[in-house]
Structures are given as structure tokens and as C-alpha cells.
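Enquirer: One-letter residues, chain by chain:
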Amino acid sequence: MERMSGGCCKGSHYHEAVVTRVDRRGDVANLYLDISLETVPGQFVMVWLPGLEEVPMAPSDDDPLRITVKAVGKTTRRLVGMEPGDRLYIRGPYGRGFTRRSGRPLLVGGGVGAAPLILLAKKLAEMGVEGVYVEGQPSGDVELFIREALDLGWEAILYTEDGSRGYKGLPTQYLEENLGGFTSIYACGPEPMNRAVLRLCGDRIPCEVSMERIVKCGVGVCGSCVVEGTGLLVCLDGPVFRADELLERGYPGG
Amino acid sequence: MERMSGGCCKGSHYHEAVVTRVDRRGDVANLYLDISLETVPGQFVMVWLPGLEEVPMAPSDDDPLRITVKAVGKTTRRLVGMEPGDRLYIRGPYGRGFTRRSGRPLLVGGGVGAAPLILLAKKLAEMGVEGVYVEGQPSGDVELFIREALDLGWEAILYTEDGSRGYKGLPTQYLEENLGGFTSIYACGPEPMNRAVLRLCGDRIPCEVSMERIVKCGVGVCGSCVVEGTGLLVCLDGPVFRADELLERGYPGG
Amino acid sequence: MARDLSTRLGSLSLRNPLVLASGFIGSDESLLRRAWEAGFGAVTTKSLTPKPRKGYDPPIVVDLGYGYLNAVGLANPGIEYLPRLLSLLPQEAVVILSIAGATPQDFRHCAEVGVENNVDAIELNLSCPHVKGLGMDIVEDVGYSLDIIEEVVSLGRPVYVKLGLTDTYMELVARSLDRGVEGFTVMNTVKGLAIDIESGWPILTNVYGGLSGPAIHPIALRMVHEIYGEYRVPIIGTGGVTGWREAVAMLYAGASAVGIGSYLFNRRVESIGDILKGIQQHMERKGFKDIASMVGYSHHR
Amino acid sequence: MARDLSTRLGSLSLRNPLVLASGFIGSDESLLRRAWEAGFGAVTTKSLTPKPRKGYDPPIVVDLGYGYLNAVGLANPGIEYLPRLLSLLPQEAVVILSIAGATPQDFRHCAEVGVENNVDAIELNLSCPHVKGLGMDIVEDVGYSLDIIEEVVSLGRPVYVKLGLTDTYMELVARSLDRGVEGFTVMNTVKGLAIDIESGWPILTNVYGGLSGPAIHPIALRMVHEIYGEYRVPIIGTGGVTGWREAVAMLYAGASAVGIGSYLFNRRVESIGDILKGIQQHMERKGFKDIASMVGYSHHR
Ligand SMILES: Cc1cc2nc3c(=O)[nH]c(=O)nc-3n(C[C@H](O)[C@H](O)[C@H](O)COP(=O)(O)OP(=O)(O)OC[C@H]3O[C@@H](n4cnc5c(N)ncnc54)[C@H](O)[C@@H]3O)c2cc1C
Ligand SMILES: Cc1cc2nc3c(=O)[nH]c(=O)nc-3n(C[C@H](O)[C@H](O)[C@H](O)COP(=O)(O)OP(=O)(O)OC[C@H]3O[C@@H](n4cnc5c(N)ncnc54)[C@H](O)[C@@H]3O)c2cc1C
Ligand SMILES: Cc1cc2nc3c(=O)[nH]c(=O)nc-3n(C[C@H](O)[C@H](O)[C@H](O)COP(=O)(O)O)c2cc1C
Ligand SMILES: Cc1cc2nc3c(=O)[nH]c(=O)nc-3n(C[C@H](O)[C@H](O)[C@H](O)COP(=O)(O)O)c2cc1C
Ligand code: FES
Ligand code: FES
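Protein chains in written order, with this note's numbering: chain A, 921 to 1174; chain B, 921 to 1174; chain C, 15 to 315; chain D, 15 to 315.
Wrong hints could be hidden among the right ones.
As the list claims (entries may be wrong) - Below, simulated DSBU-like cross-link-like pairs (lysine-lysine); rule was C-alpha separation at most 30 angstroms, straight line:
| hint | chain 1 | residue 1 | chain 2 | residue 2 |
| --- | --- | --- | --- | --- |
| 1 | B | 1042 | B | 1088 |
| 2 | B | 990 | B | 1088 |
| 3 | A | 994 | C | 68 |
| 4 | B | 994 | C | 291 |
| 5 | D | 146 | D | 65 |
| 6 | B | 1043 | B | 1088 |
| 7 | C | 303 | A | 994 |
| 8 | B | 990 | B | 1043 |
| 9 | A | 1042 | A | 990 |
| 10 | B | 994 | D | 146 |
| 11 | C | 146 | C | 68 |
| 12 | C | 303 | C | 291 |
| 13 | D | 68 | B | 994 |
| 14 | A | 994 | C | 65 |
| 15 | C | 68 | A | 990 |
| 16 | A | 990 | A | 1043 |
| 17 | B | 990 | D | 68 |
| 18 | A | 994 | D | 300 |
| 19 | D | 303 | D | 291 |
| 20 | C | 65 | C | 146 |
| 21 | A | 1043 | A | 1088 |
| 22 | D | 146 | D | 68 |
| 23 | B | 990 | B | 1042 |
| 24 | A | 990 | A | 1088 |
| 25 | D | 65 | B | 994 |
| 26 | A | 1042 | A | 1088 |
Keep in mind the hints are simulated off the structure, nothing from the lab.
Could you put the whole structure together from the sequences, leaning on the hints where they help?
Expert: Here is the structure:
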């Protein structure tokens, strides 16, 4: 397998990647690619489909590189519909990822926000760290990485909004009830979930949250990914932020 | 002392060097500079005097950097007239220098052509090699490096055209009479001397000659430094050439 | 002793010569505040147009290693956003409002909003190379550019004309000085193209984009040198300043202030402190007592 | 299986698409032979003028890291040197004679000497950015350029017009095609400046010089893409091709052949073998059967 080292393909040298396997669940697909990537969990790559758009994706595995895509618009729809042999073009990784800490971490992922967290769980497990992985989904048929987390020897807990599998409710419920049992919190999910996490953690416990905004340039110049009011850029200062820096800069949630 | 490593100051970043000592003999001056340079003996630097021209010079010492200049035109005249505290601007080193070989070398320098040879002698002496240094000058008052060569523990022989000091005649005389006693020949001097060296050495003995042409770009594109008929460029393929490559390419002298 | 970096740009007093170039984190109030706090002598807004513009779809930038291409498509929140855009800046911040449009009326309207909101200067973006009808087609037409300039100058604020690389910029400079322009921002990007050789596609969705960064530095330096050499006017020298060395060269060429744009690709804005420090150390080493004595220094040689 | 690199450039058959650009080791017969032996598909002479020219004093080049500035000043041995310049080339060598001058008569005279000496094509250097009266002042004046073109086309040899970056090059292309030009060499250097911050002096003795190398690659690519997109004519794509990737991008943009210039800074000419090998491997990997199928490939996307 070709190894795409960190930053190898910034700039005009996109890396051509071939889809080797597709694993589709509802409107979400895991795309396995024929390259590997050195990346810090939480960092993102820019995925370009010539003729369509370029979108940011936080890998859910690094070797081989895997991206986990939810169809929300035209580019992600095309990605979810891909078949083995299809090609896409990648540059990156960009941004700041999660800080790996020993202790007893809790990982809370909502929707495709679970993607960078399962990679983080893998990297933490490689360090000998054991934690709890909580995944929230609208319903059981898009359960993504529970199996993988269990295979790492971790506890893994599923919440579904419709209660069709696992616990019924939101993954932040788990956080609320069990906060005291952990030494650090990592979260990635839709905005309301992230806010809830920030509200629950405040500066009481080391907490990092990956934020999503519309990323256009990916390199900190266009300003489209600003976290409103804070002056922080998702693509350059994030996507992973410490809870305290977000709150200090006036992000609502504290 | 600031260390100017090889190639550090290519391009628009000229290195500013201050003259610390001037040692003038007739129309020749040794300029000692406040920087050092990693260079292979025989390589050259481009020396720029803003408002005047930029000229190639093969250093006669590397640490501190020393250039040995003969006044032949407006820029070299200004250089020879410099005083301590004056500034000049340097980029380089460029080109291919001499290949250092063990054995018993003979170094033949004519005029300021002696400059790169005394640096070569120093480097060979550092390798434990002992050889003979022959310097030819128009007259004894521009004797340059005989003392330095003796200080290296080498035999050093001066030839002057007017016989005012050392042997009367051309340094190639020594070569002609003693060729058999050496394992390699290094030469740098005016064109007729270089031709004589090539004629005497042919492909009978490893022989390298440093050639002089008008160097304008210094980087192999303008063609001004071509060794006529051979397709070889002094600034890129030289200034030091193996005798056999020059002769093979049709340089007259074989 | 650290040298004082304060300087004058025409009628403006700047705490230092670095100016945030238009198009870089200048369309959001929290980012603009952050830029000011990072230490710029002045900040230029993203070019604002009468109506908000969405801009082009990504890819909108290409990192070439020796420069960048961009086709952002003048994405901006529109001139009506100006009060909000300025709302988080402290009183003492020096703000240059960049405006773009298709007609003299567009420019006049935007400039009027600027005057109402008390911006320190107005920069006319006549030279965006990748947006039809809002770009190079304007600046290549000297007469039309002058119509725009007249409309805006009449409002009484300092006006800077942002130049692109055209055959006629020296003529435009001469004639816009006659109209009372205070100075020039030199330069905008140069139209270019990047093709991905793996896919065979032009990388930018818009196909063509504007070249910025190191690649254009020698061109910007030349334009500044030519204009200063002829007219000794205030110039914001912009183009490929990606370190203190290029900033110093810009001042030497004749710029009174130095625009910082592509330096910010992949860099936090706080890192402009390195450029400021580099300039300061250079001044100490060379014995320059202030910025003014460096402006145009290469012409005295 | 190694791919065949032979290709056509208008009426010329080339053993491969690489063309030695004018100004690089092209004013000495032994160097020109060496360039041909190194494997170029065609070699372009240094621009020859009616009389020999000494050119400017050094420094005549600046290495910027991301490009080069040069002000050689059209140093050349004069058109009467042509027979000698060609004397060491084998019969099969493809030679493009580049000529420069101040008037249509100058160009005609030089071209006539070319015809007598049986060159394969004539390239009109209308665009040298650093020599007054022999450069950009010509190409910016479309009418005057056309006068020159008409004189030379009438001699019946394939004529290539070397374009610079002007506001009007698309117009010049259109109108010179009407006059029977075979194709275009795109592009010449862009006027720029470098200042040494240690001494404060402009580095080039001539102050301004022409920017070449990586810095101008995106601009050259854009010009090739625009011209090919509109006219599908033979183009020698020249500008910042410093490896096989840029060569492939040039072909994709629409060039039929690729000019190699600044690549040769500090490099022996024999190293163009690396570019040829890179192109060949790319063709194998991507399944291109010949060079022709790569020409303009980015337009089919
Ligand atoms: C750092 C980062 C990592 C990401 N990682 C993943 C991932 O691993 N998997 C995944 O499926 N998605 C991920 N996303 C989100 C993904 O990039 C967007 O879903 C995608 O850009 C939408 O593109 P589209 O062309 O399909 O949708 P569009 O047609 O552009 O838009 C569809 C809808 O989504 C909205 N939208 C588009 N982009 C965003 C955005 N970034 N934030 C909020 N709303 C948006 C639009 O406004 C519109 O309503 C990530 C985003 C970021 C910033
Ligand atoms: C690789 C290399 C290393 C050199 N090392 C030294 C050195 O260590 N010390 C030193 O004093 N000189 C050295 N030279 C020669 C030196 O570069 C020239 O003497 C100098 O360029 C002349 O410059 P000028 O402006 O003073 O003379 P100009 O005014 O340019 O010319 C004066 C006269 O010298 C002739 N001339 C100029 N340059 C050359 C040249 N390169 N070859 C032959 N004739 C020339 C001119 O045609 C004219 O007749 C070296 C040259 C080369 C190529
Ligand atoms: C992403 C990007 C967006 C830009 N947007 C604008 C703009 O809105 N208005 C403008 O006048 N110039 C704009 N420019 C041009 C810059 O202000 C600047 O003139 C140019 O990039 C050259 O400077 P640099 O090399 O420092 O980037 C933009 C440039 C880039 C790269
Ligand atoms: C040192 C040098 C000399 C040049 N001389 C000429 C010339 O005589 N005639 C000409 O048409 N172009 C000349 N050019 C321009 C080149 O032919 C070419 O168009 C330009 O350098 C862009 O290509 P590149 O980036 O590969 O160098 C010269 C360029 C350089 C750098
Ligand atoms: S996406 Fe442009 S600044 Fe973050
Ligand atoms: S000096 Fe220009 S090629 Fe050697």
C-alpha cells in the first residue's frame, strides 16, 4: 500500500485514492481506500471529487485510510454512492487533532462525528489506555463503530434517538450520569450535542470537542469556518478545541 | 565568526562580508573576510560590489574566508584597493572543485591561479598528504603563498619570469622535468599555462586543471563561460576539469 | 533598545507598517478583532460589495509550494454588514475598508457606508483577476477606473487604489493622482491556473484563480519601485511578503506600509509578531532609526 | 513497454515534446550540439539580433528559490553568426531560430538569414521584458507586432510568436493567426525586481529583470489553456517547467510541445532525461498511448 505521509500531498499534488471496499448503512458509508495516512485523530483531510466539490472529512481509520460519510448534500451523496474502483482525490491532513492523555477517557460521538473518535480510541488503546466509547445515532441501522470499540477491549455503549437499538436517548445522557468516573472527555457531534458537552464539562474536567463549520479554504484564510464570536477557525485552530478555550473566547455553552 | 555554510547564500540572499585585513603585493591583494565558508578547493564564489560588477573568485582560504585578487579591470581594481571595514557581498560556492587524492601530488599555480591551490594544499595536508607546491609569478614582489606552503610541511618552489626571486622561468618547467615523481597533477593559471600542463600530462597521469572564462550568470545558463568547441561550461561543469575530459571534448593541448 | 515601528501611511498614523491585506480573515467581526489584537498597524476588510456574495464552491485555493492560487469569488457579507464587522474593534484600530463593485454607483454606495461608519481609508479593489465584471476588466480600462475613483474621492476620505498587473498601471497611477487619490495598494493577484495531473482536472472550481505569495513578490516589488521612483506617493506594498526580509525589501522599494496576505496561509495570525521582530532586529543591525528612513532606501543607492 | 514520445508541433515532427527555450546555452555551437545530444525534441537558439550585443554586466541573474530573475540584455553574437551556430548540429536536428529586433526590417533580415540556413521554424521574440525597444514595448502594441509578423510570415517558414503577459495577448493571437502564423510560444518572462536587503541595492545591474521558473508556471499554464481553449493551435508551452509534472500539466493545458528553460539553472542539460522518463512513466501509469492524446486533456474533463 502506498503510504501517504503527513502533508505529502498538500498543494497541487492531490493524492489519488481508489475505493477498495464500501460498507453502507442507511445514508452513511464507510469508504476504505488504497492508501494509508499519518494523522492525529481529529485532524481532517480535504476530499475532492473533480466536477463536484471538495469537502472536509475526519478519517475514521488511518491504515488503510477510511472515511465515513453521511449524505447531506450533493458531494457527500456522491461519496456515499461510491463503488469499489472509484477514485477520489485527497490532500491533508490539516488542523489540530485530539490530545491523547492516559487515565480513563470517555469518548462521545454523535452521528458521523463518531468517525474521528473511533480512530482516537484505536490510538489510545495502542497506548494501553482503556476507556468508554459512547455513540449516538438517530436509529440502530446506522450504528457505526460499536463492534470496533468492543474489539479494542473497550466498553462501548450505543444510544439511539428512536430506541431501535441500545439505549433510547442522546449520548450526552451517559456523560451527564457518569462524568465523575472519567479523567478526560472527547466529543464530536452535531452542534447541539457539542454545546451540551461543553455545558456539562465546563472547566471541571479536561475536555476536547471537535467542531464542524463550512470549510472552504481549509488553511485559515477565507474565514468561512469561524466559530462565531470567538475569532477561532475550525480549519486552523481546530477542528478540535479545548473546552476552556472555547468558553473563554465566548462560545455559548458554559 | 559567522559560518557561511555551502549554498546558504545562493539566490537573493547575498552574504555581507566585512574585510578584516588586507595584504597587498603589487597589483594583487589578499582580502581576509569576517566569515568562513565550506567549500571544495577550486570552487568559486561570486563577489558582488554593488554599483560595480559581480566577479568569480576561487577562495585561497576558507576559515576565515580569504580571496586573492589581481587587479585587471574596474571591479578587481576596486577590490585590490579595499581597506579593512569595507564590505562586499558573496554568494556561492559554485562549480566543481578539485578531487582530493592521496599519493604524491604536484600543484602548479600561475599568478592568482595559485589561490585555489594553496587552499587545496591545506586540505591535502590535513589528510596527511605531502606534495610539492610550485608557484609562478611575473616577478618576486607578487610571491603569494610560498611561505604558507612551507608552513604546511610541503616543498614549495617559486618561479619568476624576471628571475627576481626563486627560479627564473615558468612553473611548467618544473612539471616538465619532474613529472615522473608524482601521482597526480593539479593546475590553475593563465590559459597558455593550462594548455602546457595538458600537453605535458595528457592522459599519462591523473591531472586536473582549473579554467578561467568570463562568468556572467555563474549557474550554467548564459553560455558566456563555455570552453570553446567542447560544450563544457566553466561555471557548471568546471571550473576544475579532468585533463582527459577536456582533451576528449576537443580542447586544444593534447 | 527595541526600535519604534510606528510610521505614517499618507494621512494615517500606524503603530507599525504591517497591514492585513484584503481577503484574509476580514469578513467576520471576531476575526477582524483577532487580527487587530495580533498586532497589525492597520486591518483591511474583505472587499465588500453592495449585496452579499456566496462566492465559488471549493476547491477555492491551491497551495503550490511557491505561491497560492485562489478563486474565492469575492464571497462577502455585503456592505450592509459593515457596522457589525467593525463592532468588536477598539476605537484606536486603523481600518481600511476595501470595496468592490461593477459600476461607479456601486463603489459610491459602498464608500458612503464606509464614511458613515468612520473607516480610516477606503481601498478600491479594481483588480480581482477571477471575477468577471468585478475585476481586471475594470482596471484594464483606465477611463472607467477613473470614473469610479472620482465618485469615491469626492466623499473626502483617503482613497487607495488597489492595482493589478496591467499594461497601463503607470498611466492609471498618474491620472488617479490628478483626481486626488492618496495612494496605492500594490498589488492584487495575477490570473493563473493549476491542473491536477492525477485527475486531469483544473483544480479550482472556477478554473482560473489569482496567484499570490512568493511567486509574485518580485513583480510587486517592481511595481512599487516604479511607482515610488516616479511619484513618491504612499504605497501599501503587498505581494509575497512571507517574512521580515520581504517586508524590508518592500520598504526599500518604496512602500510606506506592507500588506500581509498569503503569509497567513496555514499560519495563525499571531505569528506576524515574527515579522515585526525581524524588522526591528534588522533596523538595529543596520542602524535605521525609524521606518520612514527605510522607505525608498533602494532608490538612494 | 516504454511509450513512444514522438509528437507533432504544427508542421514539425519532434522525437519528443521537450524544446530548449531561447536564451539557454543557445549562442554557442558546441553548447547547442550538447543540448541536442542531451535529447531535446527541438532546440531554440538564443534570440539573435542584426548586430552582436554584449548584454548587461553581472549580476545578470538572481536565484529566488521559487524562480529566477534575469537581465542578460539579449547578449548574442548577432545573426551573421548563425551558420557557425548551426555548424555542429546533425542534419536531423530540429532547430527553431529565435530572432529579436527593433523594427520589422530587423526581423525580416534576421528571418532571411534563417531561411538561407534552413532553420525549421522561426520564433519571434516580441516580448523580452528588460530591453527597451526590443521587448515588451513591441508586444504591447498589437499593430506594430502584426507588421513584424507579416514581414516574416511572407518568407514561407513556420512562424511562432513568443508571447509575454500583456493585456492584449488574446487579441494578438487572433490577429496573428489571420496573418498565417503557425503557433505560439507561451510565455516569456515577467518583469520583476529583487533587492538585496543587506546592501540595499537592486541586485541586477539593469535593476529590472525577467521572472522565470516555478513562479510563472501557473501564469503560463493559464495562457496556454486560454489560447488552446479558443483556437486549438500549436503551442510551445514554456514557463516554470522544472520537472515532469509541470511538463504533463502543460500538455494537459493544451501545449503540443514543452519549453525547458529555468530547469537548467544549476543543472547539466543531460538531466532532461529525468523529465522524459517521468513523462513516459506517467503515460504508462495512466494508459496514454501517445503524447498527442495528452495535449489539451484538461479541456476534455
Ligand atoms: C473538520 C470536519 C470534519 C468532518 N468530517 C466528516 C466526516 O468524517 N464525515 C462526514 O460525513 N462529514 C464530515 N464533515 C461534514 C462534511 O464536511 C459536510 O457534510 C460536507 O461538507 C457537506 O458537503 P455536501 O456538498 O455534501 O453538502 P452541501 O450540498 O454543501 O450542503 C448540504 C447541507 O449541509 C450544510 N453543510 C455543508 N457543510 C457543512 C458543514 N461543514 N457544517 C455544517 N453544515 C454544513 C449545508 O449548509 C446544507 O444545508 C466534517 C466537517 C468538518 C468541518
Ligand atoms: C572560476 C574562476 C575563479 C577565479 N578566481 C580568481 C581569483 O581568485 N582571483 C582573481 O584575481 N581572479 C580570479 N578570476 C578571474 C576574475 O574573475 C577576473 O579577473 C575578473 O572577473 C575581472 O573583472 P574586472 O571587472 O576587474 O575586469 P573587467 O573590467 O571585466 O576586464 C578586465 C580584462 O580582463 C578580461 N577578463 C575579465 N574577466 C575575465 C575572465 N574571467 N577570464 C579571462 N579574461 C577576463 C577582460 O576581457 C578585460 O580584458 C577567476 C575567474 C574564474 C572564472
Ligand atoms: C484567498 C484570497 C482572497 C483575497 N481576497 C481579496 C479581496 O477580497 N479584495 C482584494 O482587494 N484582494 C484580495 N486578495 C488579494 C490580496 O489582498 C493580495 O493583494 C494578494 O494576495 C497579494 O498579496 P500576498 O502575496 O501577500 O497574498 C485575496 C487574496 C487571496 C489569496
Ligand atoms: C537567462 C535567460 C535568458 C533568456 N533569453 C531569452 C531570449 O534570448 N529570447 C527569448 O525569447 N526568451 C528568452 N528567455 C525567456 C525563456 O526563453 C523563457 O520564455 C522563460 O524563461 C520562461 O520559461 P522558464 O520558466 O522555463 O525559464 C530567457 C530567459 C532566461 C532566464
Ligand atoms: S475554511 Fe477558510 S478559514 Fe477555515
Ligand atoms: S557563466 Fe553563464 S553559463 Fe557559465
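Enquirer: Would you mind marking each hint as holding or not holding in the structure?
Expert: Against the structure, the hints come out as follows:
no., hint, in the structure
1, B:1042 with B:1088, "holds, 26 angstroms"
2, B:990 with B:1088, "holds, 21 angstroms"
3, A:994 with C:68, "holds, 17 angstroms"
4, B:994 with C:291, "violated, 40 angstroms"
5, D:146 with D:65, "holds, 16 angstroms"
6, B:1043 with B:1088, "holds, 29 angstroms"
7, C:303 with A:994, "violated, 58 angstroms"
8, B:990 with B:1043, "holds, 23 angstroms"
9, A:1042 with A:990, "holds, 22 angstroms"
10, B:994 with D:146, "holds, 26 angstroms"
11, C:146 with C:68, "holds, 15 angstroms"
12, C:303 with C:291, "holds, 15 angstroms"
13, D:68 with B:994, "holds, 17 angstroms"
14, A:994 with C:65, "holds, 26 angstroms"
15, C:68 with A:990, "holds, 24 angstroms"
16, A:990 with A:1043, "holds, 23 angstroms"
17, B:990 with D:68, "holds, 24 angstroms"
18, A:994 with D:300, "holds, 28 angstroms"
19, D:303 with D:291, "holds, 15 angstroms"
20, C:65 with C:146, "holds, 16 angstroms"
21, A:1043 with A:1088, "holds, 29 angstroms"
22, D:146 with D:68, "holds, 15 angstroms"
23, B:990 with B:1042, "holds, 21 angstroms"
24, A:990 with A:1088, "holds, 21 angstroms"
25, D:65 with B:994, "holds, 26 angstroms"
26, A:1042 with A:1088, "holds, 26 angstroms"
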